[in-house]
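> Sequence:
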Amino acid sequence: MCLMRVLAIANQKGGVGKTTTTVNLGAAFAALGHSTVVVDLDPQTNLTTSLDLRIEEDGLSLYDVLVDGEPFGEAVLSTTTPDLAACPADPSLAGADLDIAREEPDPRRRAIRLRDSLSLWAEGTPPCSFVLLDCPPSLGLLTVNALVAADAVIVPMQCEFFAMEGLARLVDTITRVRSAWNPSLHLLGVCFTMVDRRTNLARQVIAEVRRELGSQVFSTLVPRSVRVAEAPSFGLPVRDYDPSGQGTAAYTSLAREILAR
Numbered sequence: 000m001c002l003m004r005v006l007a008i009a010n011q012k013g014g015v016g017k018t019t020t021t022v023n024l025g026a027a028f029a030a031l032g033h034s035t036v037v038v039d040l041d042p043q044t045n046l047t048t049s050l051d052l053r054i055e056e057d058g059l060s061l062y063d064v065l066v067d068g069e070p071f072g073e074a075v076l077s078t079t080t081p082d083l084a085a086c087p088a089d090p091s092l093a094g095a096d097l098d099i100a101r102e103e104p105d106p107r108r109r110a111i112r113l114r115d116s117l118s119l120w121a122e123g124t125p126p127c128s129f130v131l132l133d134c135p136p137s138l139g140l141l142t143v144n145a146l147v148a149a150d151a152v153i154v155p156m157q158c159e160f161f162a163m164e165g166l167a168r169l170v171d172t173i174t175r176v177r178s179a180w181n182p183s184l185h186l187l188g189v190c191f192t193m194v195d196r197r198t199n200l201a202r203q204v205i206a207e208v209r210r211e212l213g214s215q216v217f218s219t220l221v222p223r224s225v226r227v228a229e230a231p232s233f234g235l236p237v238r239d240y241d242p243s244g245q246g247t248a249a250y251t252s253l254a255r256e257i258l259a260r
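Heads up: the sequence shown begins at 0 in numbering that gives the first Met the number 0, then just goes up one per residue.
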């Protein structure tokens, strides 16, 4: 039986490429023969928009799964990319923290809703190889649910001065979640995004993080790319928008690195 892996794409700092990484890594896994579902946990719904997903009037979103207990599989939509599906979000997700707290008096059970839903969905033959969780840039109940449900965490990071500070906060969060809910959770790796290797700052930050984390930093560097930035406006992963471009090559390389781990 194929084992389904759940990976949280997380960083408590915004604007580092979490959604871009989730969408394009999912498309890369799919192209390599690993069916993948990407999940939009951010109330800004950027992942949902990036894949041009439309929730029908009577359709379900992640909010319905987390708050109302609807089956996860019934909220999953196909995308135009073969073997890539998605669980979309809508703006109601912004109220999920309060709505879950109102419905669930036990604080510990509030954190395991996504894990329980994915477990039920995956009973028997897993419906996909990978589930990628696009986390919001904050440590609220949505991010905690993602970390509790995940097998491991991938951290997209820009080459900025405060990069290590944000990473340290996330590693502390992973440690706390591991102690309270998910003892197998671990940091799979850090991925540098929007990299301009011509700048001294980029080279210095990459060197510093690699000095601190060693092999936990992926070798692949995702370059700053106009094509990667343009692809969401067409509702496509960069693989479908610019098949032979640098962004497609980088995310394919990253997917291969993750598979090797």
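It should be emphasised that the hints constitute simulated quantities derived from the structure, not laboratory data.
All values reported here derive from a predicted model rather than from experimental measurement.
Don't be surprised by glycine CBs; every beta carbon is placed ideally from N, CA and C.
One thing to keep in mind: the hints can contain errors.
As the list claims (entries may be wrong) - Simulated restraints, written as ranges between beta carbons of each label pair: (1) 108 - 211: 32 to 42 Å; (2) 197 - 101: 49 to 59 Å; (3) 242 - 107: 38 to 48 Å; (4) 122 - 32: 21 to 31 Å.
> For each hint, tell me whether it holds in the structure or not.
Verification of the supplied hints:
no., hint, result
1, 108 - 211: 32 to 42 Å, "36 Å, holds"
2, 197 - 101: 49 to 59 Å, "51 Å, holds"
3, 242 - 107: 38 to 48 Å, "46 Å, holds"
4, 122 - 32: 21 to 31 Å, "23 Å, holds"
Consistency note: the structure conflicts with none of the earlier hints.
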